[in-house]
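Taking our numbering, the leading residue of the sequence shown gets 801, the next gets one more, and so forth.
There could be a bad hint or two in this list.
Computed beta-carbon distance windows for the label pairs [stated by the list, open to error]: (1) Asp830 <-> Ala883: 22 to 28 angstroms; (2) Ile917 <-> Asn893: 33 to 39 angstroms; (3) Pro871 <-> Tyr931: 33 to 39 angstroms; (4) Lys834 <-> Asn939: 14 to 20 angstroms; (5) Ser872 <-> Trp816: 16 to 22 angstroms; (6) Pro927 <-> Lys834: 20 to 26 angstroms; (7) Lys849 <-> Ser875: 17 to 23 angstroms; (8) Ser850 <-> Tyr943: 18 to 24 angstroms; (9) Gly913 <-> Ser875: 26 to 32 angstroms; (10) His859 <-> Tyr943: 37 to 43 angstroms; (11) Asp959 <-> His859: 16 to 22 angstroms; (12) Asp857 <-> Lys937: 31 to 37 angstroms; (13) Arg892 <-> Lys937: 35 to 41 angstroms.
Quick caveat, the hints were computed from the structure, so don't treat them as lab data.
Glycine included, every Cβ here is placed at the ideal spot set by N, Cα and C.
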Amino acid sequence: MPTNTHKILSIVPGTWFLGIAVFYDTDLMDWCIKSLHGVSVEEKMAQVKSLLSDFIDRHGITVLAVKKVHPSRCSKTLSDLQAEIKKFGKSRNLMRLEFTIEKIKESLLQQKGNKKILMEELTANYPALFYVMEQVKANKSHYLMRVFEAIAQGAACVDHLESGNQRS
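From just these sequences and the hints, can you work out the full model?
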């Protein structure tokens, strides 16, 4: 594998669940949803740090992409969790990138669309996601949608890095 390969860990934080996707350049290598237990930010952050360390060490992650939550649409706990994830990425010397859902859609969709259209576009590019997409459609499950958001963010991160617009 070339040494300039970007290994991206994409995180979509939530106060109860984390959407996670791992990319090696354009290849989707892993995706999952992880539940967080505990009441305090400290308890949840300890779990998140353990999960992130595991993914970083297992995959040799070089880029951390974190979904930027809208300040008026999230709790203080979620905002604190997001800030701690970014600090943790900095402590591990990872390139850190943030994406709003609008920037993700702008990067991946040819025309305006919603999360459903984004999910269908991703499934067309990554057929292994078909079963997960069907679960989301059947259950209208918000926690499974985080997986698609993490994958979409990872794909947008790849697009961003390939276009040479690197920032941390």
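Hint by hint, here is what the structure shows:
1. Asp830 <-> Ala883: 22 to 28 angstroms: Holds, at about 25 angstroms.
2. Ile917 <-> Asn893: 33 to 39 angstroms: Since the Cβ atoms of isoleucine 917 and asparagine 893 sit about 36 angstroms apart, the hinted range of 33 to 39 angstroms holds.
3. Pro871 <-> Tyr931: 33 to 39 angstroms: For tyrosine 931 against proline 871, whose Cβ atoms are near 35 angstroms apart, the range 33 to 39 angstroms holds.
4. Lys834 <-> Asn939: 14 to 20 angstroms: 18 angstroms, holds
5. Ser872 <-> Trp816: 16 to 22 angstroms: 20 angstroms, holds
6. Pro927 <-> Lys834: 20 to 26 angstroms: 24 angstroms, holds
7. Lys849 <-> Ser875: 17 to 23 angstroms: The hinted range 17 to 23 angstroms holds for lysine 849 and serine 875, with Cβ atoms some 20 angstroms apart.
8. Ser850 <-> Tyr943: 18 to 24 angstroms: 20 angstroms, holds
9. Gly913 <-> Ser875: 26 to 32 angstroms: About 27 angstroms separates the Cβ atoms of glycine 913 and serine 875, which means 26 to 32 angstroms holds.
10. His859 <-> Tyr943: 37 to 43 angstroms: Since the Cβ atoms of histidine 859 and tyrosine 943 sit about 23 angstroms apart, the hinted range of 37 to 43 angstroms is violated.
11. Asp959 <-> His859: 16 to 22 angstroms: Given a distance of about 20 angstroms, which is inside 16 to 22 angstroms, the answer is holds.
12. Asp857 <-> Lys937: 31 to 37 angstroms: 35 angstroms, holds
13. Arg892 <-> Lys937: 35 to 41 angstroms: 36 angstroms, holds
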